[in-house]
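Protein chains: 4
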Amino acid sequence: MIVEMRRGVTTDEVDGVVQRAESLGLNVQLNLGTDKTVVAILGSNTGQLSTDIFAVLPGVESITRIMKPYKLASREFKAEDSLVSVSGIEIGSDRIVVMAGPCAVESEEQLAKAAKVVKEAGACILRGGAFKPRTSPFSFQGMKKAGLELLGRIKEQFGIPVITEVVDPHDVSLVSKYADILQIGSRNMQNYPLLTDVGRNKRPVVLKRGFSCTVTEWLTAADYLLLEGNTQVILCERGIRTFEDSTRFSLDISSIPVIKRFSHLPNFN
Amino acid sequence: MIVEMRRGVTTDEVDGVVQRAESLGLNVQLNLGTDKTVVAILGSNTGQLSTDIFAVLPGVESITRIMKPYKLASREFKAEDSLVSVSGIEIGSDRIVVMAGPCAVESEEQLAKAAKVVKEAGACILRGGAFKPRTSPFSFQGMKKAGLELLGRIKEQFGIPVITEVVDPHDVSLVSKYADILQIGSRNMQNYPLLTDVGRNKRPVVLKRGFSCTVTEWLTAADYLLLEGNTQVILCERGIRTFEDSTRFSLDISSIPVIKRFSHLPNFN
Amino acid sequence: MIVEMRRGVTTDEVDGVVQRAESLGLNVQLNLGTDKTVVAILGSNTGQLSTDIFAVLPGVESITRIMKPYKLASREFKAEDSLVSVSGIEIGSDRIVVMAGPCAVESEEQLAKAAKVVKEAGACILRGGAFKPRTSPFSFQGMKKAGLELLGRIKEQFGIPVITEVVDPHDVSLVSKYADILQIGSRNMQNYPLLTDVGRNKRPVVLKRGFSCTVTEWLTAADYLLLEGNTQVILCERGIRTFEDSTRFSLDISSIPVIKRFSHLPNFN
Amino acid sequence: MIVEMRRGVTTDEVDGVVQRAESLGLNVQLNLGTDKTVVAILGSNTGQLSTDIFAVLPGVESITRIMKPYKLASREFKAEDSLVSVSGIEIGSDRIVVMAGPCAVESEEQLAKAAKVVKEAGACILRGGAFKPRTSPFSFQGMKKAGLELLGRIKEQFGIPVITEVVDPHDVSLVSKYADILQIGSRNMQNYPLLTDVGRNKRPVVLKRGFSCTVTEWLTAADYLLLEGNTQVILCERGIRTFEDSTRFSLDISSIPVIKRFSHLPNFN
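Residue numbers (our numbering), protein chains in the order written: chain A, 1 to 269; chain B, 1 to 269; chain C, 1 to 269; chain D, 1 to 269.
FYI, nobody ran anything at the bench for these hints, they're computed from the structure. One or more hints might be untrue.
[To be verified] With a Cα cut of at most 30 angstroms, we get these calculated DSSO-like pairs of lysine-lysine: (1) 202/B / 68/A; (2) 68/B / 177/D; (3) 68/D / 144/C; (4) 132/A / 155/A; (5) 119/C / 260/C; (6) 68/D / 68/C; (7) 132/D / 132/C; (8) 155/D / 145/D; (9) 68/C / 68/A; (10) 68/C / 132/D; (11) 155/B / 132/A; (12) 202/B / 116/B; (13) 68/C / 144/C; (14) 144/A / 36/B; (15) 202/A / 132/B; (16) 113/C / 68/C; (17) 36/B / 177/B; (18) 144/D / 113/D; (19) 132/C / 202/D; (20) 36/B / 132/A; (21) 113/D / 68/D; (22) 155/A / 113/A; (23) 202/C / 177/D; (24) 155/D / 113/D; (25) 202/A / 145/B; (26) 116/D / 144/C; (27) 202/D / 145/C; (28) 119/A / 155/A; (29) 202/A / 144/A; (30) 155/B / 144/A; (31) 68/D / 132/C; (32) 144/D / 202/C; (33) 202/C / 113/D; (34) 177/C / 119/C; (35) 68/B / 68/A; (36) 202/A / 36/B; (37) 116/B / 132/A; (38) 132/A / 202/A; (39) 260/B / 145/A.
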């Protein structure tokens with residue numbers, strides 16, 4: 001349920017709505033826009049609640065129910081585009097931001113070379129995997145901590161922020177010591193313990209689309225991050241699984257306008 | 001690489017193969033059959049190794065490379081069907097085993113009623129979710145620990161083993177205190193930290209097929225469990241995501257004979 | 001729009017409804033059940049028509065709108081199961097009918113051998129393709145007319161009815177001279193000129209499911225046959241295209257109960 | 001089998017290859033490039049033929065087998081890009097060609113208005129359906145011949161070429177009297193009798209991708225047109241069927257570079 005407050009609402013009036021919601025055991029998220037304040041009232045049974053409970057409170061302008069399963073990622077909660085700022089680089093504005101680099105971090109030499117090429121080619125964020133989720137347990141699983149340390153060194157040396165994947169809830173705080181952006185891979189889009197831990201961490205995070213998840217499921221997964229207070233969420237369309245076998249995945253380019261229409265979150269592919 | 005030892009091989013001869021593999025930094029798994037012993041030699045670069053390294057060792061009969069990405073789940077490693085035994089119930093034999101029960105554990109009354117109905121109908125394992133991975137963070141996430149305790153009580157009272165899902169690596173030991181079978185849900189089929197922790201735990205485990213994963217990926221995910229030493233793995237086909245929208249998922253019945261042909265693991269749907 | 005007539009309705013009363021519909025430029029199909037008569041009133045704009053137009057006519061009991069896109073194939077139009085009779089073999093009853101034979105008719109010897117094996121194994125209808133729709137124009141396209149003649153001879157000799165595919169509207173009358181059942185292949189499920197011509201022909205017809213068509217589209221395609229007056233339609237689930245590549249197609253077994261629930265047409269897989 | 005002739009080959013030498021192929025019952029297609037002449041030797045059993053049969057003939061430079069199922073649409077047969085010219089507009093060059101217009105032709109007024117808007121917006125080909133293949137037989141099937149006549153009038157009046165769909169082999173010559181480009185719709189991509197008739201017709205043709213066909217199947221369908229001598233084939237990617245339901249189809253943008261790499265045919269989406 002979305003409670004829009006009147007322009008010029010007082011802090012006390014907003015608090016009144018928040019306290020009413022919390023007294024009912026509901027979860028609350030605030031969007032303090034420059035123009036107006038929006039209170040999202042969240043819970044598994046808000047559908048059964050009468051809107052009157054909040055409509056009568058001082059300072060309330062209007063109440064709408066969000067019919068979509070995602071709430072905090074929706075334009076109803078936040079109409080204006082969100083921007084995510086990483087070392088002064090704004091993601092979600094008109095500027096095209098390219099993140100590039102090797103799939104896996106393999107050596108200092110390899111990473112330094114990649115950083116050089118990537119910078120010269122105009123990309124401004126270096127990517128490289130230290131933890132690699134691999135289909136087979138017998139494949140190389142990444143350099144892990146040593147790979148993170150390499151990323152840290154190269155980042156200092158080349159002055160370029162880095163993005164790297166986190167796959168295990170146990171590793172979130174370790175990875176965020178080195179990464180400017182945490183990456184959640186396609187196979188983990190619906191790994192809720194991981195999403196919850198990354199949501200608590202507050203580092204900017206790229207949420208890759210699950211390779212067989214709908215746009216709706218993707219935005220609803222983003223709600224797990226947003227609910228924990230991490231508002232720096234970037235969506236990444238990386239291709240979906242289809243019957244076509246001449247490419248490894250099919251980039252779902254049509255999802256971009258769908259996301260732009262229904263969500264305020266920045267996205268790229 | 002699969003090393004088949006001669007009939008009547010000695011322990012020393014098997015050890016010789018194991019030690020040679022370990023000296024090369026490779027992982028080893030043994031299948032001690034009644035007839036013959038098979039040594040699987042595993043690692044990311046076994047493809048580049050010459051088979052001669054092992055062929056010359058005493059007691060070795062033949063060496064084959066497994067061309068499929070899954071190794072321990074394959075018939076090449078273990079030709080005969082595997083059986084999983086849960087409180088005296090054999091899964092994987094000719095007997096049809098039905099596991100039934102509610103999606104989520106909600107109350108003692110509900111669970112007791114379900115246990116009664118399930119037993120009377122001829123099912124022999126009770127299922128019920130205490131931890132529920134939900135698409136939306138605003139949906140009921142399950143009774144968690146209280147739900148596990150309920151499962152524990154009902155199991156004693158009705159004398160029926162229980163299966164319940166584990167979604168977070170942090171919860172594996174807690175859940176296995178109450179569950180006779182751990183269930184890994186469709187969305188977690190490629191959650192490797194979870195697979196690794198469940199593999200170390202040794203409780204029988206049902207690995208549900210990822211709703212958009214191929215049979216090959218599924219068997220390769222089973223290798224994560226098997227590699228950690230958990231050999232009590234049961235596969236569960238639960239339907240795949242397709243374009244058809246009159247059913248929530250499409251049961252891929254054709255996958256059953258494929259699995260039976262290529263894997264020794266018991267499976268059901 | 002489905003007009004159910006009262007029990008004991010007169011022919012004049014039914015004619016009254018039919019004439020009213022035809023005067024509005026609508027299409028009419030009758031289901032003369034043993035119990036009651038149902039008139040389907042069909043057209044692209046029946047959704048805008050008031051049901052009162054027919055409700056006031058003598059003999060009318062009730063009027064319902066069919067919300068599904070398929071009408072004549074629906075249980076609303078015909079509640080009881082349809083049976084198709086082929087040389088005394090009833091398809092759609094409790095008896096299991098097996099149709100078997102080679103993909104393509106290649107020679108008299110091959111077909112005679114197949115007919116013998118098929119009969120001995122308990123199948124009661126022989127299949128074999130004389131016209132083969134092939135992905136590549138450079139593949140063997142079937143024996144065509146000579147293949148039909150072979151089917152005709154074997155059918156006489158072995159006393160077994162035959163089913164064979166028709167792919168071109170030009171060939172419908174030729175093929176139906178030899179075939180007891182016409183087969184419409186998966187790639188032609190939405191080939192409307194072909195469906196229309198086969199619908200006019202009145203031979204029993206097997207409509208295979210398009211390999212990427214939904215159940216709803218499939219039943220709506222059946223309406224093309226039924227609308228032309230061919231009521232001997234049998235549905236055949238033959239597998240759908242999915243991401244899984246260990247089998248050529250994925251048999252959508254879940255579609256069977258969906259069809260049984262929503263359609264009166266017999267089906268098999 | 002692709003026979004590349006030497007530069008400066010004589011007509012007699014080319015004829016020698018053609019006659020040798022025809023004497024073996026094979027089909028032949030010539031690509032007379034400015035630089036060199038290529039002879040494609042086609043048939044269902046060329047895989048079993050020795051290349052020596054042709055290698056020894058005068059004027060032959062080299063022989064390669066095409067391993068892909070499509071032959072005439074492949075770069076092996078024709079390395080340089082094909083261009084299709086429609087009323088002086090070249091399709092397949094660097095110029096971006098936009099075809100626009102209503103789904104179905106409904107009236108002269110509607111079509112005239114569309115033509116005006118389309119021209120002003122910079123599109124240079126008008127599209128509009130006179131024959132509409134519809135999922136349901138109760139939907140409007142198009143104005144048919146009257147719609148074609150309207151297209152003919154508007155085309156004269158506005159001086160803009162038109163593209164329109166053909167769905168029935170019986171209508172190919174009628175439709176091509178009015179259309180500058182024949183369109184084969186997604187559901188007919190594997191309707192081989194239609195492809196064969198359109199291939200004989202020689203009008204430029206847009207072959208839309210079947211909504212669940214692979215790129216390989218699409219190019220192989222193009223071979224049906226090319227084999228009959230129609231070389232003016234344009235490919236149109238129009239979206240594939242996937243699990244995603246927020247858009248009607250998923251545009252497979254990744255298919256464009258795949259086609260450009262493996263085929264000489266112009267394409268658009």
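The hints, checked one at a time:
no., hint, result
1, 202/B / 68/A, "violated (41 angstroms)"
2, 68/B / 177/D, "violated (56 angstroms)"
3, 68/D / 144/C, "holds (27 angstroms)"
4, 132/A / 155/A, "holds (20 angstroms)"
5, 119/C / 260/C, "holds (28 angstroms)"
6, 68/D / 68/C, "violated (42 angstroms)"
7, 132/D / 132/C, "holds (26 angstroms)"
8, 155/D / 145/D, "holds (15 angstroms)"
9, 68/C / 68/A, "holds (25 angstroms)"
10, 68/C / 132/D, "holds (21 angstroms)"
11, 155/B / 132/A, "violated (40 angstroms)"
12, 202/B / 116/B, "holds (29 angstroms)"
13, 68/C / 144/C, "violated (39 angstroms)"
14, 144/A / 36/B, "violated (39 angstroms)"
15, 202/A / 132/B, "holds (25 angstroms)"
16, 113/C / 68/C, "violated (46 angstroms)"
17, 36/B / 177/B, "violated (35 angstroms)"
18, 144/D / 113/D, "holds (20 angstroms)"
19, 132/C / 202/D, "holds (25 angstroms)"
20, 36/B / 132/A, "violated (36 angstroms)"
21, 113/D / 68/D, "violated (46 angstroms)"
22, 155/A / 113/A, "holds (12 angstroms)"
23, 202/C / 177/D, "violated (34 angstroms)"
24, 155/D / 113/D, "holds (12 angstroms)"
25, 202/A / 145/B, "holds (28 angstroms)"
26, 116/D / 144/C, "violated (49 angstroms)"
27, 202/D / 145/C, "holds (28 angstroms)"
28, 119/A / 155/A, "holds (12 angstroms)"
29, 202/A / 144/A, "holds (21 angstroms)"
30, 155/B / 144/A, "violated (42 angstroms)"
31, 68/D / 132/C, "holds (21 angstroms)"
32, 144/D / 202/C, "holds (26 angstroms)"
33, 202/C / 113/D, "violated (44 angstroms)"
34, 177/C / 119/C, "holds (23 angstroms)"
35, 68/B / 68/A, "violated (42 angstroms)"
36, 202/A / 36/B, "violated (55 angstroms)"
37, 116/B / 132/A, "violated (46 angstroms)"
38, 132/A / 202/A, "holds (22 angstroms)"
39, 260/B / 145/A, "violated (40 angstroms)"
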